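**Q** The listed protein sequences derive, respectively, from chains A and B. Note that the working numbering numbers the first sequence so that position 207 is 207, with each residue one more than the last. Note that the working numbering numbers the second sequence so that position 117 is 117, with each residue one more than the last.
Since the hints were made in silico from the structure, they are not lab data. Just so you know, not all the hints are guaranteed correct.
Copies of the same chain look alike in the list, so a pair counts if it fits in one copy or across any two.
Claimed, not checked - 16 Å max Cα-Cα, derived EDC-like pairs, lysine to aspartate or glutamate:
1) Lys11 with Asp155
2) Lys8 with Glu160
3) Lys10 with Asp302
4) Lys125 with Glu194
5) Lys55 with Asp97
6) Lys123 with Glu284
7) Lys55 with Glu284
8) Lys309 with Glu194
9) Lys228 with Glu7
10) Lys161 with Glu276
11) Lys11 with Glu56
12) Lys94 with Asp296
13) Lys248 with Asp59
14) Lys125 with Glu29
15) Lys60 with Asp257
16) Lys228 with Asp97
17) Lys39 with Glu221
18) Lys125 with Glu41
19) Lys123 with Glu41
20) Lys94 with Asp206
21) Lys161 with Asp288
Computed from a prediction, not measured in an experiment: that's the story for all the values here.
2 protein chains.
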Amino acid sequence: MINKLVEKIKKTGAPIVVGLDPMMNFVPEHIKAAAFEAKGETLEGAAEAIWLYNKEIIDKTYDLIPAVKPQIAMYEQFGVPGLVAFQKTVEYCKEKDLVVIGDIKRGDIGSTSAAYATAHLGKVKVGNTMCEGFKEDFVTVNPYLGTDGVQPFIDVCKEEKKGLFILVKTSNPSSGEFQDRLIDGRPLYEHVGEKVAQWGEQLMGDSYSYVGAVVGATYPEMGKVLRKIMPKSFILVPGYGAQGGQGKDLVHFFNEDGLGAIVNSSRGIIAAYKNEQYAKFGAENFGDASRQAVLDMIADIDGALKQAK
Amino acid sequence: MINKLVEKIKKTGAPIVVGLDPMMNFVPEHIKAAAFEAKGETLEGAAEAIWLYNKEIIDKTYDLIPAVKPQIAMYEQFGVPGLVAFQKTVEYCKEKDLVVIGDIKRGDIGSTSAAYATAHLGKVKVGNTMCEGFKEDFVTVNPYLGTDGVQPFIDVCKEEKKGLFILVKTSNPSSGEFQDRLIDGRPLYEHVGEKVAQWGEQLMGDSYSYVGAVVGATYPEMGKVLRKIMPKSFILVPGYGAQGGQGKDLVHFFNEDGLGAIVNSSRGIIAAYKNEQYAKFGAENFGDASRQAVLDMIADIDGALKQAK
């Protein structure tokens with residue numbers, strides 16, 4: 001699956017991922033009205049609204065991008081119907097041949113991590129039948145519990161040819177509270193990065209490992225160091241756009257081959273129609289606004305990478 | 001909700017929680033046969049099997065215990081139908097007046113953490129209607145992302161009078177890889193424990209905070225130190241029984257008032273009928289085996305606490 005991601009990035013020329021994080025206040029009124037008309041002001045109505053919203057954005061952007069990253073929390077908040085919408089979104093993206101990164105940030109130990117890995121990347125045996133749950137291609141994983149927590153995910157990835165992005169340095173302001181604390185003179189996130197590199201050695205694709213890392217766009221200097229510590233790990237970079245990261249901050253996350261990073265934007269793309277810059281599209285044409293925002297993001301990153309050469 | 005937990009612990013004399021982590025190989029054959037007969041060897045069939053299994057265990061133990069801790073991964077592995085079984089389990093336990101600790105180990109940032117908190121502890125607005133998702137009373141939270149990640153959970157807890165258990169020192173062998181690393185001469189888990197105490201000050205119940213901690217039974221010496229660092233935090237203690245923790249290891253997790261800790265056992269209770277000690281009950285009577293295992297666990301912990309006085 002890492003090979004497919006690399007291939008699709010090369011083909012699209014777009015090392016970007018669209019974060020499908022449908023907050024209800026992003027969803028245009030006409031979509032909400034249609035969904036509530038059909039299913040009421042219920043969890044089912046909310047789930048229908050985010051599904052209709054996602055579908056339009058996917059339809060208008062899928063040919064430009066290699067991957068999407070649905071944030072499961074935004075679906076889980078609508079309970080079981082929300083998770084049905086998550087599943088529909090994953091399946092629809094796969095129909096469109098997009099690589100799907102489930103942003104689930106799960107992490108537990110032993111058989112429990114194995115169960116999460118099965119839920120999202122693998123197959124579960126019921127009687128004599130193998131069944132599938134949520135069917136993403138990659139998931140994000142929290143490393144706080146150590147190797148016991150991560151290895152079960154790696155084991156499922158080996159079997160299924162799927163991949164992981166491990167949280168190393170997150171994009172939020174207080175990520176430093178624990179992640180930046182010095183251990184033997186070096187911050188915790190560097191130690192985690194070293195583990196990611198080690199874990200990744202078990203599971204190499206053609207040029208990159210199936211085990212990647214999450215490093216926030218908001219910390220470009222740390223990205224530079226981590227790029228060296230994990231040369232074979234793809235870095236998933238959140239924090240572009242709404243959180244303050246810009247194209248020029250991102251160059252350090254890439255290797256000299258122009259690969260090795262994939263930059264996420266969520267609200268900057270999916271709620272583009274709410275930004276002044278794209279307001280001319282209007283709420284009715286929110287999908288076209290998202291398409292333009294994707295094109296602009298590709299140009300911004302491409303320009304920054306060319307300038308850095 | 002922390003007050004209710006304390007009150008129920010006093011009433012039952014049982015500072016224990018039953019971990020409802022239904023692995024398929026724990027479920028007796030006759031339950032599986034009935035479920036697959038009704039719903040096929042499908043995710044729905046698996047979900048029906050774990051629901052029937054849970055119901056019997058709850059019916060046979062609810063009068064002895066204050067709380068249950070369903071591990072969501074074990075349901076999530078069966079996709080949407082598994083999460084329907086999770087929800088049914090939570091609701092059924094609440095009908096039985098049990099405190100429900102959702103072992104979800106979620107953790108993200110800002111609006112994403114808020115969405116998880118809403119999903120499991122709060123209410124979500126759909127149009128003008130407030131809806132509820134999974135309805136637990138407490139959830140477990142991963143602290144790796146820092147205050148940004150935890151505060152949204154605390155905010156929802158304030159509103160809903162619900163609570164958290166933050167991962168501090170987990171019970172698994174490799175928990176030390178990051179959690180034990182020294183920062184300014186003290187292990188990371190102590191720094192996390194200090195934050196838990198600080199976070200908890202915002203949200204005090206009558207005698208304990210709504211913000212508790214997870215500290216594994218397998219590390220009693222660390223439990224002793226953490227008990228002092230977080231005097232007002234309830235400690236949820238996994239790792240008893242199957243993972244090797246014993247009653248005598250647990251005394252340090254309690255305060256002198258005999259409160260402050262709640263000890264989890266999962267497979268030791270729910271799969272008791274598979275242990276030699278309870279084999280005489282037979283698979284048909286697995287619920288009775290679970291009941292006996294609960295009684296024995298209460299006696300073990302009670303004995304250890306009395307001996308320590």
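**Q** The structure should be examined with respect to each hint, and the outcome stated for every one.
**A** Tested hints:
| no. | hint | result |
| --- | --- | --- |
| 1 | Lys11 with Asp155 | neither (29 Å within a copy, 45 Å between copies) |
| 2 | Lys8 with Glu160 | neither (19 Å within a copy, 45 Å between copies) |
| 3 | Lys10 with Asp302 | within (12 Å within a copy, 64 Å between copies) |
| 4 | Lys125 with Glu194 | neither (34 Å within a copy, 43 Å between copies) |
| 5 | Lys55 with Asp97 | within (14 Å within a copy, 42 Å between copies) |
| 6 | Lys123 with Glu284 | neither (40 Å within a copy, 29 Å between copies) |
| 7 | Lys55 with Glu284 | within (14 Å within a copy, 48 Å between copies) |
| 8 | Lys309 with Glu194 | neither (27 Å within a copy, 46 Å between copies) |
| 9 | Lys228 with Glu7 | neither (23 Å within a copy, 54 Å between copies) |
| 10 | Lys161 with Glu276 | neither (42 Å within a copy, 40 Å between copies) |
| 11 | Lys11 with Glu56 | neither (23 Å within a copy, 55 Å between copies) |
| 12 | Lys94 with Asp296 | neither (24 Å within a copy, 51 Å between copies) |
| 13 | Lys248 with Asp59 | neither (29 Å within a copy, 60 Å between copies) |
| 14 | Lys125 with Glu29 | between (43 Å within a copy, 15 Å between copies) |
| 15 | Lys60 with Asp257 | neither (29 Å within a copy, 62 Å between copies) |
| 16 | Lys228 with Asp97 | neither (31 Å within a copy, 54 Å between copies) |
| 17 | Lys39 with Glu221 | neither (48 Å within a copy, 55 Å between copies) |
| 18 | Lys125 with Glu41 | between (37 Å within a copy, 9 Å between copies) |
| 19 | Lys123 with Glu41 | between (34 Å within a copy, 13 Å between copies) |
| 20 | Lys94 with Asp206 | neither (22 Å within a copy, 51 Å between copies) |
| 21 | Lys161 with Asp288 | neither (34 Å within a copy, 43 Å between copies) |
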